[in-house]
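Protein sequences, first through last, are from chains P and W.
Taking numbering that gives the first Met the number 0, the leading residue of the first sequence gets 0, the next gets one more, and so forth.
Taking numbering that gives the first Met the number 0, the leading residue of the second sequence gets 0, the next gets one more, and so forth.
If you are wondering where the hints come from, they were derived from the structure by calculation, not from laboratory data.
Mixed in with the good hints, there may be bad ones.
Stated by the list, open to error - Computed spacing ranges between beta-carbons, pair by pair: (1) W/Q196 - P/N1: 25 to 35 angstroms; (2) P/N1 - W/E53: 28 to 38 angstroms; (3) W/S250 - P/D79: 50 to 60 angstroms; (4) P/D57 - W/D252: 56 to 66 angstroms; (5) P/I67 - W/L172: 31 to 41 angstroms; (6) W/S147 - P/A32: 55 to 65 angstroms; (7) W/G23 - P/F36: 38 to 48 angstroms; (8) P/T77 - W/E86: 48 to 58 angstroms.
As the list claims (entries may be wrong) - 30 angstroms max Cα-Cα, derived DSBU-like pairs, lysine-lysine: (9) P/K4 - W/K3; (10) W/K181 - P/K33; (11) P/K10 - W/K3; (12) P/K10 - W/K2; (13) W/K2 - P/K4.
For every residue, glycine included, the Cβ atom is placed at its ideal position computed from N, Cα and C.
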Amino acid sequence: MNRTKRLRGLKQLLQDAVEHGSLAVERVQLERAKLPFALLERVPTIAAPARGVHLIHDAAVSTTHGMIRLVNRVVGDTLDAVIDEVERADAPPSGEGSEGS
Amino acid sequence: MGKKLELAIAALNGLVGDHLARSGNGLATEMVLVHRGEPLELDRAGLADAIGTEASRLVVLVHGLMGTESVWELPDGSDYGSSLAGELGYAPLYLRYNSGLSIADNGAELARLLEAVVELAPRPIAELVLLGHSMGGLVIRAACHDASVEQRRWLPLVERAIYVGTPHLGAPLERAGRVFSKLVASVPDPVTRLVAQVADLRSDGIRDLGDADLRHEDRARRAPVLGLRDPSHPVPLLDGMRHLLVAGSVSADPRVAALFGDALVPLESATFRQRPGGAAHDDAHCEVSLLPGIPHLALAHDPRVYEAIRRFFEEPT
Chain P
0 MNRTKRLRGL KQLLQDAVEH GSLAVERVQL ERAKLPFALL ERVPTIAAPA
50 RGVHLIHDAA VSTTHGMIRL VNRVVGDTLD AVIDEVERAD APPSGEGSEG
100 S
Chain W
0 MGKKLELAIA ALNGLVGDHL ARSGNGLATE MVLVHRGEPL ELDRAGLADA
50 IGTEASRLVV LVHGLMGTES VWELPDGSDY GSSLAGELGY APLYLRYNSG
100 LSIADNGAEL ARLLEAVVEL APRPIAELVL LGHSMGGLVI RAACHDASVE
150 QRRWLPLVER AIYVGTPHLG APLERAGRVF SKLVASVPDP VTRLVAQVAD
200 LRSDGIRDLG DADLRHEDRA RRAPVLGLRD PSHPVPLLDG MRHLLVAGSV
250 SADPRVAALF GDALVPLESA TFRQRPGGAA HDDAHCEVSL LPGIPHLALA
300 HDPRVYEAIR RFFEEPT
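My request is simple: use the sequences and hints to build the entire structure.
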């Protein structure tokens with residue numbers, strides 16, 4: 000099987016794992032925070048600030064995970080470019096496709 | 000490519016191979032015949048190189064879940080295929096496939112591949128022997144079922160089929176995993192739901208092992224709760240060929256063997272002991288070989304298993 004095809008597959012698998020893992024953890028963190036914030040928001044004296052903190056918490060969690068996914072995509076694109084280079088370097092002079100070991 | 004890397008990729012394919020294939024991932028293994036460790040070019044020249052120009056009797060070896068053809072290797076470097084070649088003149092062909100795909104899909108693909116082998120062989124094929132370890136035996140049965148429906152030319156050439164540690168009635172470990180996943184998913188908590196989602200990532204191939212689902216429609220009969228006994232099975236062993244069912248066990252003690260089988264496959268499942276209600280097959284065409292003290296994986300490369308296979312060839316078909 001083509002070596003670079005497998006490298007690209009490995010890169011894609013790791014990228015998928017980070018993307019889906021981040022989405023799943025974000026969902027858990029947002030869900031987990033719902034109950035304590037809901038309880039705090041029922042106390043009249045602190046309901047307004049609790050709602051504010053809840054919003055900030057959710058925004059911070061989503062932004063953090065959004066950044067993780069963004070960096071993941073950028074790293075993925077960079078690795079694609081590197082693998083393209085390896086593929087070009089491996090290609091025989093005739094211009095035919097490279098064969099992996 | 001190194002053997003360790005091939006094994007790692009095979010394990011990955013067994014675990015999430017259906018996802019890899021669906022997403023067009025380059026790590027997805029395509030079904031190929033392997034010769035001297037390299038995928039065989041399936042054309043006349045490639046096949047002649049692998050089996051020779053005089054071969055008219057073939058044995059096809061099919062590995063199990065997360066395996067490669069290297070599972071067959073005995074410590075002395077031989078394997079069941081090379082031994083059958085040396086002693087009886089059968090030319091061995093080793094299959095490599097994505098064991099994470101459904102057994103039905105792999106069976107249909109194997110049926111197509113064998114059709115091509117019969118067509119491209121340098122000499123007309125007189126006999127085809129199919130030998131599968133674990134899931135490989137189910138893939139063989141799915142291929143035979145597909146071939147009987149599609150009326151493939153190779154099916155009448157199969158006089159012997161050998162199943163080594165094959166869970167004909169399913170594997171309880173997967174059925175337990177199925178129940179665990181459902182239990183955890185039913186807890187109304189985001190963390191347990193996440194655990195259930197991770198458990199559900201296991202491939203179609205692994206899921207099919209639970210009840211030995213050979214056809215896509217068989218999945219509809221999956222029990223909603225854990226069956227403590229092996230289920231009955233709707234697809235019989237085909238008539239028109241002889242079947243050898245080899246079952247190992249973790250211990251020579253019959254009570255331990257009855258409880259744990261070969262550690263992964265119970266004796267009842269490996270020997271296809273149907274309960275009333277399952278599809279009946281002709282027991283006269285079946286031979287069972289019980290080999291105490293050989294656990295599941297070792298069944299693929301044990302001289303005592305080869306002896307049982309060798310004896311099976313001494314009997315007339």
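Each hint, compared with the structure:
Between W/Q196 and P/N1 the C-beta distance comes to about 32 angstroms, which sits within the given range of 25 to 35 angstroms. Between P/N1 and W/E53 the CB atoms are about 34 angstroms apart, so this pair conforms to the stated range of 28 to 38 angstroms. One distance hint, 50 to 60 angstroms for the beta-carbon pair W/S250 and P/D79, holds here, with the actual separation near 52 angstroms. Checked against the hint of 56 to 66 angstroms, the C-beta distance between P/D57 and W/D252 comes to roughly 59 angstroms, which is consistent with it.
One distance hint, 31 to 41 angstroms for the beta-carbon pair P/I67 and W/L172, holds here, with the actual separation near 35 angstroms. The hinted range of 55 to 65 angstroms is satisfied by W/S147 and P/A32, whose Cβ atoms lie roughly 58 angstroms apart. As the Cβ distance of W/G23 to P/F36 is approximately 42 angstroms, the hint placing it in 38 to 48 angstroms holds. Taken as a hint, the range 48 to 58 angstroms holds for the pair P/T77 and W/E86, whose Cβ atoms sit roughly 56 angstroms apart.
As the CA atoms of P/K4 and W/K3 are separated by approximately 18 angstroms, the hinted pair is consistent with the 30 angstroms bound. Between the alpha carbons of W/K181 and P/K33 the distance comes to roughly 24 angstroms, so the proposed pair stays at or under 30 angstroms and holds. Between P/K10 and W/K3, the direct Cα distance comes to roughly 19 angstroms. Compliance with the 30 angstroms bound is thereby established for this hinted pair. Proximity of P/K10 to W/K2 is assessed by CA-CA distance (about 21 angstroms); at most 30 angstroms being required, the pair is judged to hold.
Restraint check for W/K2 and P/K4: the C-alpha separation of about 18 angstroms stays at or below 30 angstroms, so the hint holds.
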